[in-house]
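Enquirer: Everything in the sequence shown is counted per the working numbering, starting at 14 for the first residue and increasing by one.
Source of the hints: derived by calculation from the structure; they are not laboratory data. Among the hints, erroneous ones may be present.
What the hints assert, rightly or not - Once the Cα atoms are required to be at most 35 Å apart in a straight line, the calculated DSBU-like pairs of lysine-lysine come out as:
1. 294 with 221
2. 221 with 277
3. 146 with 365
4. 490 with 221
5. 217 with 294
6. 467 with 221
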Amino acid sequence: MDSIFSVFGYFVNWDVRSLLLFTVVFILTADYLKNRRPNTYPPGPSAIPIVGNIFSLDHNRLHESMTQLAGRYGDVYSMRMGQTLIVVLNRFEVLKEALVTQGDSLVDRPYQAMVDDEFHGQGVIMSNGNIWKQQRRFALSTLKYFGFGKKSLEPTILEEFTYCAKVLNSYEGKQLNPHFTINNAVSNIICSLVFGHRFDYGDKTFLKLIKCIGEALEIEASIWAQLYNAFPLLMRRLPGPHQTVRRTWRDAKDFIRAEIKEHKQNWDPSDQRDYIDCYLKEIQMRKGQADNTFDEENLIMSALDLFVAGTETTSTTLRWAFLYMAKYPEIQEKVQAEIDRVIGQSRQPSMKDRANLPYTDAVIHEIQRMGNIVPLGMPYITNKDIQLRGYTIPKGVTIITNLSSALFDKNEWETPDTFNPGHFLNKEGKFVKPAAFIPFSAGKRLCLGENLAKMELFLFFTSFMQHFTFSMPAGVKPEMDYRFGVTLTPCQYEICATSR
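Use the sequences and the hints to build the structure in full.
Expert: Spelled out as structure tokens, the structure:
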């Protein structure tokens, strides 16, 4: 009897092993057949079945990894994140051809589970189709109405600088971490436009929100995000940093909801104080229209998009600015000399001064170039088959635009890896902007906050240089390394801001 059970057990075990073997072979074969590409598809590194190239990249320096791969596979190459097909574009001429010449084919955002689980395809940045068109058009026209990038916003920015300067002066030249003071100052500009008011630098709730959003943007570009997007059904149920991101966005949406609720309590349709007021009126006016995309959920997402984008990039640029000025004191002195000559100490800067401050303007742009704030831009997806540099990229492929490759393109910049304001000056010392300077990307999805960012950077930076000299604490050298995320931020540092 025992021998009969032994034989039966042997066949059962063999069947289980056969089933497992068959399953593995089936999955590998299906993965190969699904992801087999024609000869006209861009080349790229070999991908591991199921997970693709997720584990073959340095996610702490992803833009550098992608730039290195371009040296091996060319300016247009492919890879896979899980089952998502990706083509990475490198160098200015390639980016220009894709985003501008063939821009109509690259206006949509791809589905990303981590983003879509919280944003649901709404708002301004990650939406598509009619939602994106209506929300972007409304955001541009409304913010323009309130002085977005216009002279009327100058007093708001300059007044905010005075609050920020008081904080810096309170340290009396001793070392400080400028991170959240600068974030708060910059954020208050977009807050005044969207919410109609600013937040005090001592507001702990607001500071915690800004801090958490910064951490979320870092995690969203990490391997955790790639795993979440590749295996959402599994990752939604597993603990990890990706769950922190989801909590942060929910807290941020609750923050926006509270602002909207407060607006509703004393809302007057005839008195439009800010973006939220205008949006509430638009909801009322468009009610019942067939193609209407205006509702409270889209208001929450659009306001959040503006708040995050209007805070993170400009504040990060200014934090890099302090480091570069401390690292190159001779450049800082030259900027200060030009400001003293043109503006002096008796009045605040104005946008009218920019034409007379070419060296200062060049330094600001070089900080943006070297700071490389959004190194990989935002992702796109092809809405039809496109031809690019001899390759065919099918419809439905995610496109990564490596903006770093344009900002450090050896064919476009004299000394791409060196901090050199001369990149933005001609032989006569006048300011010029090379075409390869595209930190705000290009094409139809060009950053809608570009004008505001330029205005803020000029007025804030010029005001800081007018009133302070930045240097590292005694015995400390500037640390120019970064923390990789959706934005490229400097590592935490302390600096001395000495009043002039």
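Enquirer: Of all the hints numbered above, which does this structure not satisfy? Sort the numbers upward.
Expert: No numbers; nothing is violated.
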